[in-house]
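Residue numbers (the working numbering), protein chains in the order written: chain E, 1 to 270; chain C, 271 to 645; chain D, 646 to 920.
Think of the hints as simulated: they come from the structure by calculation, not from any bench. Idealized CB from N, CA, C, for every residue including glycine. Some hints here could point you the wrong way.
Okay, derived cross-link-like pairs now, EDC-like style, lysine to aspartate or glutamate, Cα gap no bigger than 16 Å in a straight line [what the hints assert, rightly or not]:
1) D/Lys829 x C/Glu369
2) D/Lys730 x D/Asp812
3) E/Lys228 x D/Asp873
4) D/Lys867 x D/Glu700
5) E/Lys222 x E/Asp203
6) C/Lys616 x C/Glu499
7) C/Lys617 x C/Asp536
8) C/Lys403 x C/Glu369
9) D/Lys730 x E/Asp5
10) C/Lys428 x C/Asp303
11) C/Lys521 x C/Glu499
12) D/Lys730 x C/Glu288
Pulled from the structure, derived: some chain E residues nowhere near chain D, Cβ distances all over 10 Å [as the list claims (entries may be wrong)]:
13) Arg32
14) Ser38
15) Thr98
16) Leu163
17) Arg187
18) Leu191
19) Pro220
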Amino acid sequence: MKTLDRVLTWLIFAFLYAPLLVMVFFSFNAGRSTAIFSGFSFKWYIEMFTNRDTMLALQNTLVLALLSAIIATVLGTMAAVGISKMRSQAGRSAIMTTTNIPMMNPDIVTGVSMMLLFVFVGRFLMADNSLGFATLLIAHITFNLPYVVLNVLPKLRQTDKHLAEAAMDLGCTPVQAFFKVTLPSIRPGILAGFLMAFTMSLDDFVISYYTSGPNFQTLPLKIFSMTKKTVKPDMYALSSVIFIAILVLMILVNLAQAKADKQNQQNPRR
Amino acid sequence: MEEKKNIIDLRNISVVFEDGEQVLRDFNLSIRDGEFVTLLGQSGCGKTTTLRVIAGFIEPSAGDVLFDGKKINGVPPYQRPVNTIFQRYALFPHYNVFENIAFGLRLRKVPEAEIRQRVGEMLKFVNLEGFEKRDITKLSGGQQQRVAIARAVINKPKVLLLDEPLAALDLKLRKDMQNELKNIQKQLGITFVYVTHDQEEALSMSDTVVVMNEGTVQQIGTPVDIYNEPQNAFVADFIGESNILDGHMPKDLVAHFAGKDFVCLDKGFAPNEEVDIVIRPEDVDIVPVEQGMLTGLVTGVTFRGVHFEIIVDIEGFKWMIQTTDFSPEGSTVGLHIEPDAIHVMKKSKYSGLYGDFSSYSDEIDQLSELTEEEE
Amino acid sequence: MKQSNLMAKIARAPYILWAAIFIVVPLLIVVYYAFTDSSGSFTLANLAELVQYKETFLLSLWYSLIATFITLLISYPFAFFMSRKGPNAQRMMLLLVMLPMWMNLLIRTYSWMNILERNGIINNLLGMLGIEPLTMIGTGGAVILGMIYNYLPYMILPIYTVMSKIDPLLLEAAEDLGANNLAKLRRVILPLSKPGVISGIAMVFVPSISTFYISQKLGGGKIMLIGDVIERQIQTAYNYNLGAAISLILMILVLLSMAVVNRWAGKDEEGGVIF
Numbered sequence: 001m002k003t004l005d006r007v008l009t010w011l012i013f014a015f016l017y018a019p020l021l022v023m024v025f026f027s028f029n030a031g032r033s034t035a036i037f038s039g040f041s042f043k044w045y046i047e048m049f050t051n052r053d054t055m056l057a058l059q060n061t062l063v064l065a066l067l068s069a070i071i072a073t074v075l076g077t078m079a080a081v082g083i084s085k086m087r088s089q090a091g092r093s094a095i096m097t098t099t100n101i102p103m104m105n106p107d108i109v110t111g112v113s114m115m116l117l118f119v120f121v122g123r124f125l126m127a128d129n130s131l132g133f134a135t136l137l138i139a140h141i142t143f144n145l146p147y148v149v150l151n152v153l154p155k156l157r158q159t160d161k162h163l164a165e166a167a168m169d170l171g172c173t174p175v176q177a178f179f180k181v182t183l184p185s186i187r188p189g190i191l192a193g194f195l196m197a198f199t200m201s202l203d204d205f206v207i208s209y210y211t212s213g214p215n216f217q218t219l220p221l222k223i224f225s226m227t228k229k230t231v232k233p234d235m236y237a238l239s240s241v242i243f244i245a246i247l248v249l250m251i252l253v254n255l256a257q258a259k260a261d262k263q264n265q266q267n268p269r270r
Numbered sequence: 271m272e273e274k275k276n277i278i279d280l281r282n283i284s285v286v287f288e289d290g291e292q293v294l295r296d297f298n299l300s301i302r303d304g305e306f307v308t309l310l311g312q313s314g315c316g317k318t319t320t321l322r323v324i325a326g327f328i329e330p331s332a333g334d335v336l337f338d339g340k341k342i343n344g345v346p347p348y349q350r351p352v353n354t355i356f357q358r359y360a361l362f363p364h365y366n367v368f369e370n371i372a373f374g375l376r377l378r379k380v381p382e383a384e385i386r387q388r389v390g391e392m393l394k395f396v397n398l399e400g401f402e403k404r405d406i407t408k409l410s411g412g413q414q415q416r417v418a419i420a421r422a423v424i425n426k427p428k429v430l431l432l433d434e435p436l437a438a439l440d441l442k443l444r445k446d447m448q449n450e451l452k453n454i455q456k457q458l459g460i461t462f463v464y465v466t467h468d469q470e471e472a473l474s475m476s477d478t479v480v481v482m483n484e485g486t487v488q489q490i491g492t493p494v495d496i497y498n499e500p501q502n503a504f505v506a507d508f509i510g511e512s513n514i515l516d517g518h519m520p521k522d523l524v525a526h527f528a529g530k531d532f533v534c535l536d537k538g539f540a541p542n543e544e545v546d547i548v549i550r551p552e553d554v555d556i557v558p559v560e561q562g563m564l565t566g567l568v569t570g571v572t573f574r575g576v577h578f579e580i581i582v583d584i585e586g587f588k589w590m591i592q593t594t595d596f597s598p599e600g601s602t603v604g605l606h607i608e609p610d611a612i613h614v615m616k617k618s619k620y621s622g623l624y625g626d627f628s629s630y631s632d633e634i635d636q637l638s639e640l641t642e643e644e645e
Numbered sequence: 646m647k648q649s650n651l652m653a654k655i656a657r658a659p660y661i662l663w664a665a666i667f668i669v670v671p672l673l674i675v676v677y678y679a680f681t682d683s684s685g686s687f688t689l690a691n692l693a694e695l696v697q698y699k700e701t702f703l704l705s706l707w708y709s710l711i712a713t714f715i716t717l718l719i720s721y722p723f724a725f726f727m728s729r730k731g732p733n734a735q736r737m738m739l740l741l742v743m744l745p746m747w748m749n750l751l752i753r754t755y756s757w758m759n760i761l762e763r764n765g766i767i768n769n770l771l772g773m774l775g776i777e778p779l780t781m782i783g784t785g786g787a788v789i790l791g792m793i794y795n796y797l798p799y800m801i802l803p804i805y806t807v808m809s810k811i812d813p814l815l816l817e818a819a820e821d822l823g824a825n826n827l828a829k830l831r832r833v834i835l836p837l838s839k840p841g842v843i844s845g846i847a848m849v850f851v852p853s854i855s856t857f858y859i860s861q862k863l864g865g866g867k868i869m870l871i872g873d874v875i876e877r878q879i880q881t882a883y884n885y886n887l888g889a890a891i892s893l894i895l896m897i898l899v900l901l902s903m904a905v906v907n908r909w910a911g912k913d914e915e916g917g918v919i920f
């Protein structure tokens, strides 16, 4: 049992990290190949940082992700609060089924279906090219919304219903009660939903591929168009930088979590 | 009563956890067949660890576990002829009532017809007829408790281990279940090893009580012995209420405490040996001052229903006295103590730690805090 | 009370409107395109044309089933071992499992191409040992490997999540009642981890059956999956009607598959687990 554990663990991590190591390794290649190493160099990092196209795509990606995540978080949190107060079982399950559609459906179907909507409406409006930043933003908000709703709803269910009542009993209006009592207690869910939405948006290629036009390129879209030809190590350099950034971020989050856990252990629930 | 053979012997058991914490030290305990034994102590005293050593979930770092005289160290839990009732019941959420109870039989490949019959009998035994198909999560605490009992008992274990089985129930239900468990034990005639921190539960249910503290046995005895003849200040304080005073024995049958000599029934101490004196609050009589062996000032009176609890200050030591006679606060009273009310104990490391009621209200707070943490 | 009901309605209204316009309506439009020709008149020709893609559908189904099965096979014991480790080891391993997920799928897949291609890393190493180069790109194995690689964390995480929530007391209770390791696995761990397994299957199977990038890069242009056909119809042939028809069938195929899995799992669990 112990040996199986060890062997399996090492094999899986070797498998998961092999292509990432290849990526980091060849980002330092002096040559143009991503398979044959011909000497150590930083030149692809310099090239990557000075490439205006790449930097613009990176900027586009971040703006899109931030904007879509914020809008989805606001809309989704409101929705979760509204849904949690719904009495009609049928209405509630209709909404939840609809919410689950983008999560169940293959991304390619979601992408194609939204693209067809935009094309269809565009044809009515006689617009030449309806696809661009606006449609991309709509698409990202749409696939982000379920993550927010599904993260906030359980937290709402966990919060004590009497809390809001107590606040109102003490003189809060329902709106004040929401902001002073309910909102703080569902904050972890909102934060988790926002982070998930943000990263889903950052990483999305398939849906963006169908809903964006030629005038607005995100990083995944740029990578896709570059991998149609032979990739130069600058893409690996960029990915390595992202990899390190995420690694550092995750380690920091982890340390914070470990610290919080320890504190929780020292002061057991009271 | 005929002398029965031992079913479980724990010999010089020590348990040290991975983090270096020693939970049991050189622990010895023998349990006779058919006995209802209770391990009693505060949380962290090692009582649950003892139970887990018997069940086989913990291998002792040193010492032997004997079952029917045979060493069973290293035998995995699933091969030991004991079953456990867990504190939070640990019922399987993915099975219904029937399948939970049938779990052990299915593992032993008992024929289906026999399973149906035995589970049926078991359900009847614990008063849950008609609940076969019920979802575990839809049962009340008391019903879950019964399923847990049925699930363990159906395997006909030689010994049933119970880890604070009533801790999660409310007071009323707890009393009912105490009687029920006692009846079940009588009907089955098997050994029960019961773990609790509730002294009342221990005293009312058990044949034998094992008082534990800091991983060692403080005293083993019948409930009456434990109450009347505590062996040290810890036991005297933990079981019931006690006034524990410093004293010495000038000679046999005479104890000296509170500045006076008293006639008592204890002997066998060295001349003038330092001792702890235990006097139970209900064994002190309040008498007119001129008839009193001791006199003191009443500093507190609390009505407890059947009796009053009176705190009497005698030269700085506060006595607790339980009496049906009312004496107002601020009055001076006399105390009368019969020889058989005085219990003399040898000095121990617990001497001087307990038994003064000068900070009585604080002590109550601490106690209630303790029980909260127990959850 | 009335006032708060009204506010709840106002709170959820924008979302309901949004979901109707951007989730429900697009699906209706897919149906509309699937049953019309480029001039907008009703036709069954698009669906009739699907017959020629029967092989592609079957191949996609077959590859994604193999990939899902293998992923489950390695993830299950791994997730189990992981859930039994100390809290620090668990946290560390969780981080290591999640990290690759955050890297762009395209880059990870391209990197595999570098490893497997004819002049790639494996063949270079083999060449040093004097072994003839192997052809790996363009085989079904390479495509399946790509699917397993990219979606492995999506199988591990939900299974790990349910496993780590199994009360250790239940395992002790089972052992106390006579269950050895095998019986504990069969009667306690397996049934209790089912919801995680179902989520994992869905999260690996759905993107696998609909992928087009993995088959493009690791299939070396020789292997066409259903996602490739949709991509080609929409992005190169601009035949939206046929693209819509294939998407519709793909969606139905996925829904049917998940219905089968859910039936196998029984109705006891409400939905799956998202990590």
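Holds or violated: lysine 829 of chain D to glutamate 369 of chain C, with C-alpha atoms at most 16 Å apart: 15 Å, holds
Hinted pair lysine 222 of chain E and aspartate 203 of chain E, Cα distance within 16 Å: Within the cut-off at roughly 12 Å; holds.
Arginine 187 of chain E and chain D, when compared Cβ to Cβ, separated by more than 10 Å: 17 Å, holds
Agreement of lysine 521 of chain C and glutamate 499 of chain C with the hint, judged by alpha carbon distance not exceeding 16 Å: Given pair lysine 521 of chain C, glutamate 499 of chain C is violated - Cα atoms ~20 Å apart, limit 16 Å.
Pair hint lysine 403 of chain C and glutamate 369 of chain C, alpha-carbon separation not exceeding 16 Å: 9 Å, holds
Non-interface label on leucine 191 of chain E, tested against every C-beta of chain D at 10 Å: 15 Å, holds
Threonine 98 of chain E non-interfacial with respect to chain D [C-beta, more than 10 Å]: 5 Å, violated
Closest CB of chain D to the CB of proline 220 of chain E still more than 10 Å away: At about 6 Å from chain D, proline 220 of chain E fails to clear the 10 Å cut-off, so the statement is violated.
Given hint aspartate 5 of chain E paired with lysine 730 of chain D - CA-CA distance at most 16 Å: Roughly 11 Å between the alpha carbons, so the hint for lysine 730 of chain D and aspartate 5 of chain E holds.
Status of the stated non-contact between serine 38 of chain E and chain D (beta carbon gap over 10 Å): 12 Å, holds
Proposed proximity, aspartate 812 of chain D with lysine 730 of chain D (alpha carbon, max 16 Å): 14 Å, holds
Holds or violated: lysine 228 of chain E to aspartate 873 of chain D, with C-alpha atoms at most 16 Å apart: Since the Cα atoms of lysine 228 of chain E and aspartate 873 of chain D sit roughly 14 Å apart, the hinted pair holds (cutoff 16 Å).
Violation of the numbered hints given earlier is confined to hints 11, 15, 19; the remaining hints are satisfied by the structure.
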